[in-house]
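Colleague: Read off the chains here:
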Amino acid sequence: MDKNKRLDLSYSQMKWETVFKRLLIVMSAIILLLVVGVFITLIVESWPSIKSLGIGYLWGKVWDPVNNIYGAYPFLIGTLLTSFTALIISIPFSYAIAIYLGEYNPKGWLSDLLKNTIELIAAVPSIIYGFWALFVLVPVVRQLETKIHVAPYGVGVFTASLVLAVMIIPYAAALGTSLIRMVPSPLKEGAYALGATRFEVIRSVILPYTRSGLFAGILLSLGRALGETMAVTVLIGNTSAIAHTFKDIFFGPGNTMASVIANEFAEADHALYLSALIELGLVLFFVTVIINLIGKRIITKYTNN
Amino acid sequence: MDARIGIRNTKSILFKSFIIFLAFVVTLPLIIVLLYIIKQGVMQVNWHFLTHVPAPEGEKGGGIANALVGSLLIVGMSSLVAIPVGILAGIYLSENPGTKLAYYSGLCVDILQGVPSIVMGIVVYFWIVKPFGFSAISGSIALAIMMLPIVIRSTEQTLLLLPPSLKEAALSLGVPYHRVILKVIVPCGFAGILSGIILSIARIIGETAPLLFTALGSNYLTTNVTGAMESLPHLIFTYATSPYDDQHDLAWGASFILLMFVLILNIVTKLITRKWKIQL
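Protein chains in written order, with my numbering: chain B, 1 to 305; chain L, 1001 to 1280.
To be clear, the hints were calculated from the coordinates, so they are not data collected in a lab.
Backbone N, C-alpha and C define an ideal beta-carbon position, used for all residues, glycine too.
A couple of the hints might just be wrong.
Stated by the list, open to error - Restraint-style ranges between C-beta atoms, simulated for each label pair: (1) 1031(L) with 271(B): 45 to 53 Å; (2) 1223(L) with 112(B): 40 to 48 Å; (3) 1164(L) with 12(B): 24 to 32 Å.
Said to hold, decoys possible - Under 10 Å between C-beta atoms, here's a sample of chain B residues computed to sit facing chain L: (4) 37; (5) 98; (6) 131; (7) 153; (8) 182; (9) 212; (10) 224; (11) 233; (12) 239; (13) 242; (14) 246; (15) 257; (16) 285.
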């Protein structure tokens, strides 16, 4: 091989190098463009609704596509109620799992079994939970509702919250476990050396140390619950009318932002109707993204320290 | 003094039992849920079920061949788009951690991960369905966007774990940069990247919401990717909410098949990460 040919070879290699580096940049830029595109699309398509309904859209109590009246309040309430109820139900269970796996029994077959089961539960698609709940959970809830004297719909905010809780428990538990395992052992050993019991170590060392991380975990679970669509759509009962008593709001059928989009998007037959639905999507996008980003930031800050 | 210690120990033991009780009391019913779905579904599955399309409303028999083929096609097309883009973006993020582009792309990966799937459905509807009509392609694009963050993050995290001396050794031998990445770095992190890919497929194979406005659904067995196409989760959604018992049976069977896909993919991911001792 003479010298020139070798130089040519390395020249073509260098060309490839530049091409490859540019390709990497383009691919990362695509992610950026995607997010900008999503944002712009949502703004542009919901613009007619933003312009003609104004800010009052958010607390308008009536959603009546027939008469072209759109208020997002019933869906905001439905989304907040289902998400927060699910969160409250899930917190004790997910913390218990996290403390058990993180502190009491970090190794061994029983904790492996529990951990793997939790992971399997997390992997089940939400539509399957929705389907199961529709046929098994709804009749049970119906019986409960007859007992406490509310209309026995079976479907509604309460049922949807139960299933949402099932879906966020594994997530919050896995996050909590890894946080609790990150507590530096000298801290715990110090407390034990001073004569603290297990409970006291958990209460006064582990929980305070992981506080901000656990808070971030709650935020991330909330973000999940807010955007969850299919199980809720199947179970929420789909009514846009607001019930009068709290008991009815909680146990009766309702709607969330995600479920009303899933149900009505395909049948939105005039421009303002469609646009009002997309504005719901825009609100949902903002809220979930902000909650997620705050949660993620806290977690990364925490793990870096 | 002794009595105090007794009380504190009792408290500790009580708390422990309480924690164990809570941890297991929630897991047991969930296992029962899984077993119930498997029991309901396994009765439906046979050769006829896998190779026939759903029977008309009210008629017995039929299967889910259209949804099975549709799901595999849609997920396959999503993977074709998401895997190369995701891996390359992940390489960029791990190789250039300080740059502005890496910072903003990383932020956008976090944002994408938080976007509700139904919102993704709306957006892809306006991008592709409105100009071109309902199609399997539009469904795969929505799902590909949902795969991206998982593939990117797992690639980035795996590559960051590799010792820098690997790359330095290759570079000092005069190997060009792209060959170092493609022939040294990526093969070394292969297991981690692969498990991220499989995990992302497991995540999106059960996604329903983005498909409602994109791939829609179809009662026919079709491989035409420019037309509407059925998928397993969409079939479960439509048949679960229908009034016919036969359609519920189809939905149970489809749930079982979908569940098996998801569980097997998750177990495979676990085996890979365990064998190569990589933490995701």
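Colleague: The structure should be examined with respect to each hint, and the outcome stated for every one.
Modeller: Tested hints:
1. 1031(L) with 271(B): 45 to 53 Å: 49 Å, holds
2. 1223(L) with 112(B): 40 to 48 Å: 42 Å, holds
3. 1164(L) with 12(B): 24 to 32 Å: 28 Å, holds
4. 37: 8 Å, holds
5. 98: Status holds, d = 9 Å.
6. 131: It holds, given that the least Cβ distance between residue 131(B) and chain L is near 4 Å, below 10 Å.
7. 153: It is violated, given that the least Cβ distance between residue 153(B) and chain L is near 15 Å, above 10 Å.
8. 182: 13 Å, violated
9. 212: Violated. Min distance 18 Å.
10. 224: With a closest approach of 9 Å, the residue 224(B) hint holds.
11. 233: Constraint on residue 233(B) satisfied, holds at 8 Å.
12. 239: Interface hint status for residue 239(B): violated (15 Å vs cutoff 10 Å).
13. 242: Because about 22 Å separates residue 242(B) from the closest Cβ in chain L, which is outside the 10 Å limit, the hint is violated.
14. 246: For residue 246(B), the interface hint is violated, since the closest Cβ of chain L sits about 27 Å away, which is over 10 Å.
15. 257: 9 Å, holds
16. 285: 5 Å, holds
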